[in-house]
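Protein chains in written order, with my numbering: chain A, 34 to 353; chain X, 34 to 353.
Source of the hints: derived by calculation from the structure; they are not laboratory data.
Check the hints yourself; a few may be wrong.
No distinction is drawn between identical chains; accordingly, a pair holds when it is met within one copy or between any pair of copies.
[Said to hold, decoys possible] Computed list of lysine to aspartate or glutamate pairs in EDC-like fashion (alpha-carbon distance at most 20 Å, straight line):
no., residue 1, residue 2
1, Lys139, Asp124
2, Lys347, Asp244
3, Lys323, Glu71
4, Lys95, Glu266
5, Lys262, Asp124
6, Lys139, Asp40
7, Lys220, Asp183
8, Lys262, Glu178
9, Lys323, Asp244
10, Lys338, Asp244
11, Lys139, Asp263
12, Lys95, Asp244
Number of protein chains: 2
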Amino acid sequence: MDDFWLDQEQLKPRLARVHDIMLDVVRSNAFPLADAVESLVQANGKMLRPAFLLIASDFGKKKQGIDELAAAIELLHVATLIHDDVIDQADTRRGITTLHARFGVKEAVLAGDWLLTRCFRLASEHSSPANARLIAQLLGSICSEEIHQDMETYLWPASVRNYLRKISGKTAALFGMALRVGASESKAMSAVVSTLTRVGYNVGMAFQITDDILDFRASEGDMRKPVGKDLREGLCTLPLILALASNAAALKPLLGDGPMGEANVANVLTLVRDCGALEHAKTFASAYTKRAILELDRLPDVRAKHELRHLCDKLLGRSW
Amino acid sequence: MDDFWLDQEQLKPRLARVHDIMLDVVRSNAFPLADAVESLVQANGKMLRPAFLLIASDFGKKKQGIDELAAAIELLHVATLIHDDVIDQADTRRGITTLHARFGVKEAVLAGDWLLTRCFRLASEHSSPANARLIAQLLGSICSEEIHQDMETYLWPASVRNYLRKISGKTAALFGMALRVGASESKAMSAVVSTLTRVGYNVGMAFQITDDILDFRASEGDMRKPVGKDLREGLCTLPLILALASNAAALKPLLGDGPMGEANVANVLTLVRDCGALEHAKTFASAYTKRAILELDRLPDVRAKHELRHLCDKLLGRSW
Numbered sequence: 034m035d036d037f038w039l040d041q042e043q044l045k046p047r048l049a050r051v052h053d054i055m056l057d058v059v060r061s062n063a064f065p066l067a068d069a070v071e072s073l074v075q076a077n078g079k080m081l082r083p084a085f086l087l088i089a090s091d092f093g094k095k096k097q098g099i100d101e102l103a104a105a106i107e108l109l110h111v112a113t114l115i116h117d118d119v120i121d122q123a124d125t126r127r128g129i130t131t132l133h134a135r136f137g138v139k140e141a142v143l144a145g146d147w148l149l150t151r152c153f154r155l156a157s158e159h160s161s162p163a164n165a166r167l168i169a170q171l172l173g174s175i176c177s178e179e180i181h182q183d184m185e186t187y188l189w190p191a192s193v194r195n196y197l198r199k200i201s202g203k204t205a206a207l208f209g210m211a212l213r214v215g216a217s218e219s220k221a222m223s224a225v226v227s228t229l230t231r232v233g234y235n236v237g238m239a240f241q242i243t244d245d246i247l248d249f250r251a252s253e254g255d256m257r258k259p260v261g262k263d264l265r266e267g268l269c270t271l272p273l274i275l276a277l278a279s280n281a282a283a284l285k286p287l288l289g290d291g292p293m294g295e296a297n298v299a300n301v302l303t304l305v306r307d308c309g310a311l312e313h314a315k316t317f318a319s320a321y322t323k324r325a326i327l328e329l330d331r332l333p334d335v336r337a338k339h340e341l342r343h344l345c346d347k348l349l350g351r352s353w
Numbered sequence: 034m035d036d037f038w039l040d041q042e043q044l045k046p047r048l049a050r051v052h053d054i055m056l057d058v059v060r061s062n063a064f065p066l067a068d069a070v071e072s073l074v075q076a077n078g079k080m081l082r083p084a085f086l087l088i089a090s091d092f093g094k095k096k097q098g099i100d101e102l103a104a105a106i107e108l109l110h111v112a113t114l115i116h117d118d119v120i121d122q123a124d125t126r127r128g129i130t131t132l133h134a135r136f137g138v139k140e141a142v143l144a145g146d147w148l149l150t151r152c153f154r155l156a157s158e159h160s161s162p163a164n165a166r167l168i169a170q171l172l173g174s175i176c177s178e179e180i181h182q183d184m185e186t187y188l189w190p191a192s193v194r195n196y197l198r199k200i201s202g203k204t205a206a207l208f209g210m211a212l213r214v215g216a217s218e219s220k221a222m223s224a225v226v227s228t229l230t231r232v233g234y235n236v237g238m239a240f241q242i243t244d245d246i247l248d249f250r251a252s253e254g255d256m257r258k259p260v261g262k263d264l265r266e267g268l269c270t271l272p273l274i275l276a277l278a279s280n281a282a283a284l285k286p287l288l289g290d291g292p293m294g295e296a297n298v299a300n301v302l303t304l305v306r307d308c309g310a311l312e313h314a315k316t317f318a319s320a321y322t323k324r325a326i327l328e329l330d331r332l333p334d335v336r337a338k339h340e341l342r343h344l345c346d347k348l349l350g351r352s353w
């Protein structure tokens, strides 16, 4: 865990417990690559998903099994990172040599599969069948979306509706699910469960749009992803879609049906920045942020509400 | 499905229903690679695991959801085949171009993951949490065993105990699980559930040992795997372990720490065949077969018992 949680005193020790459960799971069953997976878990990032789940569980009373479910959701995330590294043939992740680079494709595919099974075991032990199904369903729709997205690379499909549908099936659904599972497992009132799900959905939409804007804007020192990464991979995100609508004549000739040269990447970045598309995209993020706040305001006035508000402010602060 | 089930009139139409459920699942949710996964399901083999599950369910009364669980177990198998093809970089499987060869690593990894999630969704919808956990746990231990096995290739670790532990965590546990889940979900008596689990375990052990013997013996026309496949992949199975115990001096120099030449493969095959190791290995298979029959005889005298006996005879007939 990094310093992101320093100012959230309630959450920090709870996330540390979730982290310990994750390590226990990885160390169990004499799994042959335990050490390697453990380093990955240790180097893991913000633990946003488990944080959402824990906060949501404070809207209910039942606490048993909540930490284990939070661990399950984060292990699912680690499993997808391991498979992503196989797909991208990545050598390092967060400064750690990837499993794929250390042990090869076979071990990395199997280690990801193993972690998925551990996640589903935890889910079937510590959640209702309905929530276990929800977790499986969500991972399924993320895989499906990823395949869709990969099949559309370098096609530059310029539809805002299509883009919003895609991100709603990934980040937004994931944030919504984390809040939903936490609230419903702790037996929160059903109106609260629904409201929290909508908060998560809207925060996720705003978060993803902001992330996609940053890919056009940030100087490389600011974030881990280099600028223009999406462009280089042939992904058509909101800023480019909006720029294409206002300035297709200049942009279209630069977008080919395969990886583009660095000069073209730089030209596209400049054109998108200069036509006001980033500001336009930001209005979408702001709209989702506003909806998230509106939903948040409807929640009962308990400590968790303020904790959630604080977390959303921090997450979306960039575009607030 | 192939002709394997022609003489089992009760089972054949039920397996056809399971097959239809599998196709429905694959066609659902606008999954982008539905066609490709469907051809894989269509070309799928014997459907042994769902057959065991269905037969076991006849020892109980509850029938609801049994076909769906049988489909889940077979989809899990298809998912692991897709990932195996990524690992082996295989171009075809059962005469069908693999997903990996048609669409690349990314789509194949994600399609396998997607099928795993569909399997866990079905399990959480149609089985008790305990059985959902059992299914996840079993797949986990198979992944773990595969990694162990891969890390030991070309080390020729000659321990019978180690070999038996390995196959008990794969084929035997899988067969046992299929029978256990079918019986317990249909609310069979707990003594019957335990007995069926032991039948599955022993049949699985005998089946895997027989398969490993065939890799040293069959002429290439007899079966789909070419002879000596395990040897070429650096896997040390029971016949070689037994041969090493009786004739290490001649065999050891032929076994290197990497892929061996075809002349060495042929020499090892001949040495293993000539020292009586295949017959010795067969005594192990026979012992497990006998234990399976002993357990089978304890089952209540219903039609399913005779169906199961008939299936075991067919499966193990080669070594009976």
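Problem - Earlier hints that do not hold, by number - result: Hints 3, 4, 6, 7, 10 and 12 not satisfied by this model.
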